[in-house]
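Residue numbers (my numbering), protein chains in the order written: chain A, 1 to 418; chain B, 1001 to 1413.
It should be emphasised that the hints constitute simulated quantities derived from the structure, not laboratory data.
Hints may contain errors.
Unchecked claim - Derived BS3-like pairs (lysine-lysine); straight-line CA-CA distance at most 27 Å: (1) B/Lys1409 - A/Lys148; (2) B/Lys1284 - A/Lys186; (3) B/Lys1400 - A/Lys359.
Said to hold, decoys possible - Partial list, derived from the structure: chain B residues whose beta carbon lies under 7 Å from chain A: (4) Gly1073; (5) Trp1100; (6) Glu1125; (7) Asn1133; (8) Pro1239; (9) Phe1351.
Here the structure is a predicted model, which means the values were calculated and not measured.
All C-beta atoms in this analysis are idealised placements derived from N, C-alpha and C, irrespective of residue type, glycine included.
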Amino acid sequence: MDRTQAPALSAITEVNFVSPITFVINKHVNLYHMPYVPNDTARFDLYFDAGKIRNQKSLSSFVNGLLFSGTKDKTSVEINADINRLGGFLDTGLSAENAVISMYCLKEHLPELFDILFDAITNVSFREDEVADFLSDRKQKLHISREKVSYLAQSNFQKELFASDEKYATILEDEHFSSVTQEDLKAFHENYILNGLERVVVIGNIPAAEVQKIASKAGEIAATRRPEFATSLQNRIGSKHVEKEGALQSAIRVGRTLFNKNHPDFLDFFVLNTILGDYFGSRLMSNIREDKGYTYGIGSMIAELNNTGYFLIATEVGKDVREKALQEIRNELDRLCNELVSEQELDLVRNYMRGQLLKSADGPYAMTDLFLSASLQGKDLEFYNDALLAIHEITPERIQELANKYLRWDQMTIVTAG
Amino acid sequence: MIHFDRFTLENGLRVLFHQDTTTPLAVVNVLYDVGARDESEDQTGFAHLFEHLMFGGSVNIPEFDTPLQQAGGENNAFTSNDVTNYYDVLPVENIETALWLESDRMLSLAFTPKSLEVQRQVVIEEFKQRYLNQPYGNVWLELRPLAYQKHPYKWATIGKKIEHIEDATMEDVKAFFRKHYNPQNAILCIAGNLELETVKSLTKKWFGSIPAGEKYERNLPKEPEQVEFREKTIESKVPTDAFYYAFKMVDRKHDDFYTADALSDALGRDKSSRLYVALKKEQKLASEINAYIMGSHDEGLLVISGKLNDGVSFDALDSALWKVLEKLCASPMEAAELDKIMVKIRTAKAFQEQGLLNRAMSLAMNELLGDANDVNLENEKYKQITPEDMHRVANNIFQKQRCSVLRIKSAQK
Chain A
1 MDRTQAPALS AITEVNFVSP ITFVINKHVN LYHMPYVPND TARFDLYFDA
51 GKIRNQKSLS SFVNGLLFSG TKDKTSVEIN ADINRLGGFL DTGLSAENAV
101 ISMYCLKEHL PELFDILFDA ITNVSFREDE VADFLSDRKQ KLHISREKVS
151 YLAQSNFQKE LFASDEKYAT ILEDEHFSSV TQEDLKAFHE NYILNGLERV
201 VVIGNIPAAE VQKIASKAGE IAATRRPEFA TSLQNRIGSK HVEKEGALQS
251 AIRVGRTLFN KNHPDFLDFF VLNTILGDYF GSRLMSNIRE DKGYTYGIGS
301 MIAELNNTGY FLIATEVGKD VREKALQEIR NELDRLCNEL VSEQELDLVR
351 NYMRGQLLKS ADGPYAMTDL FLSASLQGKD LEFYNDALLA IHEITPERIQ
401 ELANKYLRWD QMTIVTAG
Chain B
1001 MIHFDRFTLE NGLRVLFHQD TTTPLAVVNV LYDVGARDES EDQTGFAHLF
1051 EHLMFGGSVN IPEFDTPLQQ AGGENNAFTS NDVTNYYDVL PVENIETALW
1101 LESDRMLSLA FTPKSLEVQR QVVIEEFKQR YLNQPYGNVW LELRPLAYQK
1151 HPYKWATIGK KIEHIEDATM EDVKAFFRKH YNPQNAILCI AGNLELETVK
1201 SLTKKWFGSI PAGEKYERNL PKEPEQVEFR EKTIESKVPT DAFYYAFKMV
1251 DRKHDDFYTA DALSDALGRD KSSRLYVALK KEQKLASEIN AYIMGSHDEG
1301 LLVISGKLND GVSFDALDSA LWKVLEKLCA SPMEAAELDK IMVKIRTAKA
1351 FQEQGLLNRA MSLAMNELLG DANDVNLENE KYKQITPEDM HRVANNIFQK
1401 QRCSVLRIKS AQK
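Kindly produce the complete structure, drawing on both the sequences and the hints.
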């Protein structure tokens, strides 16, 4: 046996994509049910039009954090005890354009947990003591975050990246804590939770009749309008540094506003991004970690919004090598603009990406997330077959063309902290 | 229930196979029976540094990652105080690529000076990023040597200090490989849509000819029983005071391990647990509070940690916390409370076993601890716990003389 010879490989040509079943709640809102789960686990998610952009004084963040703070009949401890008695794991999330509540549980408990959750979030009374406790905790957490160079870089990057639209550029500030009133919270809740449900997802081997009941009940808070999101955003080009005394590392963010799946260049740029920084063998990792040892990790990503998106490179490096690391990031962007990617490297990336797509579609949870990622932008699963085709057909010339179009250093917002 | 087959190659490599016909992916998981506890005290952080070097090329293959990515796969690894675990996830058609790569680095590494120099820098940056340049990041560097005086759990996986990473030499690297990286000290677990006969012939083909090597006999200094309360307060540039109570508890194989886990859940797993309700919601002393076990293989720790509300003293927190513990020790809990804990444990386990990689890792870890099939007995072990067991184990654990307390005091106030 010759150990220097790699075993033969099979190329992945097909991925089995499975759609969830759609239950229509109203003209704008659907419930998606993925019933093909081969075990007892289940999950449901409620997505609301209650993202950070809906308020410039952080009411989105406060309401999101207070959804389980109690109703006139139940304290927050009683609500949590009800959820925990049924083994539920609750998770809440907040992004620029969405708020989401997720419940992980065994399928036998899902209907009852939905009822408990629905009651809690629709009847939340914003009790004064709970609000005061929550605000004080949240403020403490914010102050701890500000001790992290990653937070300082990210929050300042957000302001620069979304400079063209104040709604997207807003971050949590100290003065938001003192200005908030109970009336503000109730009004936000009324607008964006009680009339803001955008989508429901149910994953689990649960009878359709049970799912229908959930859809009907969810209809009570389903949005009756189509939410408005930014269609284009423009980053402020240039560099900014946030000094942090005593820091051992500097966090770096380099990026620009871009597009989402609906743009004709998206799929090809997706390949370009992978080459640059989206896998262990990427250009950024190979150079800045594996050759220079400046960092524990570096990566690039495409972040998608409902109607647009952005591109981002993120890392933390030794403070003494910050300028060198920035120079190397720039070199890697320049190299993509000035030199053709070799067929060998491109071939590797093609195979890697096909394998990742296979993984993204493996199992009902991953499959549902993949479906949602497309459907959020008005696409269906055919998008991923298009992706396989784009990965197959892309050329080194096309990659260079896109690098010159989208990855020039003079298009970037650069923020460092530390 | 995780089905599996088990066989041993002639060189002593233990192999587990878990068949899953529903997934197009396969997992190759290699668990080495070596962790930070096997380091010498003047060379800490070495097991973890070594893990990085395992990706720097092997005797016949210049790069580990490239061929795996070419096969559509990806990989990672982690080091703990107890073990080092490597895994590859890739399309099942290409599983042989992972076996080729894993077997070659079990056979021997390339030991290139460049790899050592670069990974030394990478690990130093990791040390800074995760431990030194984070608020409260130094907690485990401080708490471990307080709770352990003899056992090597007294240092963190990343190491005691950066200097130990800086001083590692190529000779050390080679010696470490010889001592710990061979078939006798490893467990291979393969999972995916394959047949047992295929797995047998493939593992024999790639791993069968690797020399058995020396079996490493672990002989660690035993931690003397803790008989005195320990405490330490350090000032740090953080915005909020934080507290960490570490109680000695039994090792991973002891029958009471599961009960200790359930006790930590009763105290601080969720927002209806005893400490959360009493100290945060009712008395408003803490802004956050959690309880958990470390899960270590040797004598472990049950930890209660949290942050103080502004204006609250460590003393006020301390006396309220001990009152909650005393109540837990005073009488057995109601069956309903125990039921709540059990359904959460059952739910968490169902989610954990959902993923192919987690199943492969659990099998390998349980085999290392004695028997892969123990993973299938866990639910039953939890189910058998009674309120009386909880009461008895609580009284064993929550003694002041078995407790070490670390306080991080905000230097900004």
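message: Tell me if the interface restraint on B/Pro1239 is satisfied: Cβ within less than 7 Å of some Cβ in chain A.
response: With a closest approach of 4 Å, the B/Pro1239 hint holds.
message: For B/Lys1400 and A/Lys359, compute the direct alpha-carbon distance and say whether it is at most 27 Å.
response: With a Cα-Cα distance of about 49 Å, the restraint between B/Lys1400 and A/Lys359 is violated, given a limit of 27 Å.
message: Quick check on the hint: B/Asn1133 CB to chain A CB, less than 7 Å?
response: holds, 4 Å
task: Would you check the hint for B/Lys1284 and A/Lys186, treating anything up to 27 Å between C-alpha atoms as holding?
output: The hint holds at about 25 Å.
message: Can you verify the interface hint for B/Glu1125: is its Cβ closer than 7 Å to any Cβ in chain A?
response: holds, 5 Å
- prompt: Would the hint on B/Gly1073 stand, with a C-beta cut-off of 7 Å toward chain A?
  reply: holds, 6 Å
- prompt: If you take the shortest Cβ to Cβ gap from B/Trp1100 to chain A, is it below 7 Å?
  reply: holds, 5 Å
message: Is the interface hint satisfied for B/Phe1351? The criterion is a beta-carbon contact with chain A at less than 7 Å.
response: Since the shortest Cβ distance to chain A is 5 Å, the answer is holds.
query: Taking only the CA atoms, is the gap from B/Lys1409 to A/Lys148 under or equal to 27 Å?
result: holds, 18 Å
Comparing the model with each numbered hint stated earlier shows that hint 3 is the single one that does not hold.
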